[in-house]
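Asks: Each chain, written out:
2 protein chains.
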Amino acid sequence: METVFSYEHLHQYTLGTFLAMGCPQDDALLATEVLLRADLRGIDSHGIARLSGYWRLFEAGRINPSAHVRVVHETPSTATVDGDRGLGLVVAPKAMRIAISKAEMVGSGWVSVRNSNHFGIAGYHAMMALEKDMIGWAMTNASALVTPTFSKEKMLGTNPICVAIPAGAEAPFVADFATTTAANGKLEILQRKNAEAPLGWVQDAAGQPTTDANALKKGGALLPLGGDREHGSHKGYALGSIVDIFSAVLSGASYGPWAPPFPAYVPMPENMPGDGLGHFLGAMRIDGFRPASEFKEHMDNWIRRFHAAQPADPTQPVLVPGDPEREMEALRSREGIPLVDAVVADLQALGEKTGLRL
Amino acid sequence: METVFSYEHLHQYTLGTFLAMGCPQDDALLATEVLLRADLRGIDSHGIARLSGYWRLFEAGRINPSAHVRVVHETPSTATVDGDRGLGLVVAPKAMRIAISKAEMVGSGWVSVRNSNHFGIAGYHAMMALEKDMIGWAMTNASALVTPTFSKEKMLGTNPICVAIPAGAEAPFVADFATTTAANGKLEILQRKNAEAPLGWVQDAAGQPTTDANALKKGGALLPLGGDREHGSHKGYALGSIVDIFSAVLSGASYGPWAPPFPAYVPMPENMPGDGLGHFLGAMRIDGFRPASEFKEHMDNWIRRFHAAQPADPTQPVLVPGDPEREMEALRSREGIPLVDAVVADLQALGEKTGLRL
Chain A
1 METVFSYEHL HQYTLGTFLA MGCPQDDALL ATEVLLRADL RGIDSHGIAR
51 LSGYWRLFEA GRINPSAHVR VVHETPSTAT VDGDRGLGLV VAPKAMRIAI
101 SKAEMVGSGW VSVRNSNHFG IAGYHAMMAL EKDMIGWAMT NASALVTPTF
151 SKEKMLGTNP ICVAIPAGAE APFVADFATT TAANGKLEIL QRKNAEAPLG
201 WVQDAAGQPT TDANALKKGG ALLPLGGDRE HGSHKGYALG SIVDIFSAVL
251 SGASYGPWAP PFPAYVPMPE NMPGDGLGHF LGAMRIDGFR PASEFKEHMD
301 NWIRRFHAAQ PADPTQPVLV PGDPEREMEA LRSREGIPLV DAVVADLQAL
351 GEKTGLRL
Chain B
359 METVFSYEHL HQYTLGTFLA MGCPQDDALL ATEVLLRADL RGIDSHGIAR
409 LSGYWRLFEA GRINPSAHVR VVHETPSTAT VDGDRGLGLV VAPKAMRIAI
459 SKAEMVGSGW VSVRNSNHFG IAGYHAMMAL EKDMIGWAMT NASALVTPTF
509 SKEKMLGTNP ICVAIPAGAE APFVADFATT TAANGKLEIL QRKNAEAPLG
559 WVQDAAGQPT TDANALKKGG ALLPLGGDRE HGSHKGYALG SIVDIFSAVL
609 SGASYGPWAP PFPAYVPMPE NMPGDGLGHF LGAMRIDGFR PASEFKEHMD
659 NWIRRFHAAQ PADPTQPVLV PGDPEREMEA LRSREGIPLV DAVVADLQAL
709 GEKTGLRL
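Keeping their order, the protein sequence lines are chains A and B.
For the first sequence, the working numbering begins at 1 and goes up steadily by one.
For the second sequence, the working numbering begins at 359 and goes up steadily by one.
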């Protein structure tokens, strides 16, 4: 069962929680906006459902609510940022502002971040570039749930990539996706329904294909985009690796199987080679390449042409990346955000610690 | 059947062909090196097998052998380059040199290229950054063979991405892949064997799944990485779109279904919205983020840890992107490059036009 809450109601509750954690007002507001943007856009696994998880990381001493985000190394177009163990929800948009400001100065800006935590949806950060007529880029590493091709050992996170590209009259192009065949949230839906997963989503503890939606809980793993070697999983594995290296090896965060886990009850990996989680944020000025108005006309043409591509099934028109999330955001902004009972109960339990009522 | 040729022999033949086309000496040498690097690395579909295709484009007036590659728009870290209808094999490495030189000045350099032609393997261009202790990036759009998710219309090329990352004692990380489930070259191998394709590689003209390896010749299409919606093809579609937009919409090349076809006998699309094919090349200085020696130690650690990941099958160790191509390059540099009879016959026929003997 679900209960529908207004955005404003969840905003107040979330803001109160981050303030109770000890975040300064501006940071609490920013974290709230970033977190709830996931719920608005229909990426429920990365929104308020994780709020109690962030709280437990705070209780475990793994999140510094009053973190001082600072540049530790830079050139005119690049920087490494230390997140001071802050909320990724705050560290990432601050790092993105640095990328944008570098792009304003020299055409593009690229920021690798260490010593951070989970940053919500990549889409929020990449989309910050849009209003500046820039292309935005956001990636993050995450705790290891995914096996490389040919392996049965979990070595990479679901390591998402978002690229946001402005258009003119049309809505922007926003591709925001995990580098796995399917997101963990989709498996959870199947688990609740007691349904099987399609082949290619997960493998069992021995590294064999399985349709068991609970495989991950039994020592199995998520599979890189492609699923198996024959269907190109080495490409999904390469993409997840690129995200890991740009986010964590470049910055000095902890990479690969040593990425810190999100659940506070999971012990930290031993011999971590760097500090915290890593992100990678980028911004490129459109007019670093051609006049923005010209580019936007062509992006509108691109988007219209792809929307008009012949559908295989006339009842299912061709989409452009970002369409489903934008439609969901319009709907939920209007009609509210549904939360499943388990999430409501979890937030109510959290409220007993913070003194807030959902 | 195959005949094995030495690299030197094919080099002489290819160089002679580009000189006969009218390329200046330096450009002919560069084009030869780029083209044959594909054969050395085992990407046979993009090497000397395409030489007669380039020649036919030249005959059709679509390649300018004495092109003057120039920057038409720039900031300190970005540029748009007009390839003057040159060989992509020459235009792309020249554009990559510009990206590298910008990275030397301001930390990173990003170059979008229009008015070019097929650039061989992305790996050559991205790997140019390695010797400078930079991360290299190369992408290109290509003529439409791939359908978006939910579509039966070919709208995108196989649009490859290469990211090359330097290491220390270990060999570099080089991910070089088409954004489709399978490359066209793999389908051609199945066609020669009269074998079926795995589900998820191609669809038929009606947009339905098929195992017919000849589907493309019957109006079908290649599928984006993921294969179908359930297996994440919207992610492969998004990746191919990003390559198309960065390479062609940013630069002013012809994008999407209007990308110029490689076979000279295929008429050019009507109402092309830009000039020629587009590429996107990038370089980021490692020490724009952290000292290169430190980064390389961690990359060595990353690579060793991934090589040591538990294999699902003990006889198939886990690979790091770039391993198979590097091994092939070592083998073929030593033992020569095998060409199938059809390619040998094609090159012999080309030799009748150029006066060269294979």
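Incorrect hints may appear among the rest.
To be verified - In silico lysine-lysine, DSSO-like type, Cα no more than 30 Å apart, as pairs:
id: 1; chain 1: B; residue 1: LYS490; chain 2: B; residue 2: LYS711
id: 2; chain 1: A; residue 1: LYS296; chain 2: B; residue 2: LYS452
id: 3; chain 1: A; residue 1: LYS193; chain 2: A; residue 2: LYS218
id: 4; chain 1: A; residue 1: LYS94; chain 2: B; residue 2: LYS654
id: 5; chain 1: A; residue 1: LYS193; chain 2: A; residue 2: LYS217
id: 6; chain 1: B; residue 1: LYS576; chain 2: B; residue 2: LYS544
Unchecked claim - Some but not every residue of chain A turned toward chain B, in silico, with C-beta under 8 Å:
id: 7; residue: HIS73
id: 8; residue: SER108
id: 9; residue: TRP110
id: 10; residue: SER251
id: 11; residue: PHE262
id: 12; residue: ALA264
id: 13; residue: TYR265
id: 14; residue: VAL266
id: 15; residue: ARG285
id: 16; residue: SER293
Unchecked claim - Some chain A residues well away from chain B (every beta-carbon gap over 10 Å; in silico):
id: 17; residue: MET1
id: 18; residue: THR3
id: 19; residue: SER45
id: 20; residue: LYS152
id: 21; residue: LYS217
id: 22; residue: ASP244
id: 23; residue: LEU358
None of these hints come from the bench; they were simulated from the model.
C-beta atoms are modelled at their ideal positions from N, C-alpha and C, and glycine is treated no differently.
Asks: Next, verify each hint and record whether it holds.
Replies: Quick rundown of the hints versus the structure:
no.: 1; hint: B/LYS490 / B/LYS711; verdict: violated (40 Å)
no.: 2; hint: A/LYS296 / B/LYS452; verdict: holds (27 Å)
no.: 3; hint: A/LYS193 / A/LYS218; verdict: holds (18 Å)
no.: 4; hint: A/LYS94 / B/LYS654; verdict: holds (27 Å)
no.: 5; hint: A/LYS193 / A/LYS217; verdict: holds (16 Å)
no.: 6; hint: B/LYS576 / B/LYS544; verdict: holds (17 Å)
no.: 7; hint: HIS73; verdict: holds (6 Å)
no.: 8; hint: SER108; verdict: holds (5 Å)
no.: 9; hint: TRP110; verdict: holds (6 Å)
no.: 10; hint: SER251; verdict: holds (7 Å)
no.: 11; hint: PHE262; verdict: violated (21 Å)
no.: 12; hint: ALA264; verdict: violated (25 Å)
no.: 13; hint: TYR265; verdict: violated (24 Å)
no.: 14; hint: VAL266; verdict: violated (19 Å)
no.: 15; hint: ARG285; verdict: holds (7 Å)
no.: 16; hint: SER293; verdict: violated (13 Å)
no.: 17; hint: MET1; verdict: holds (27 Å)
no.: 18; hint: THR3; verdict: holds (30 Å)
no.: 19; hint: SER45; verdict: holds (16 Å)
no.: 20; hint: LYS152; verdict: violated (4 Å)
no.: 21; hint: LYS217; verdict: holds (19 Å)
no.: 22; hint: ASP244; verdict: violated (8 Å)
no.: 23; hint: LEU358; verdict: holds (34 Å)
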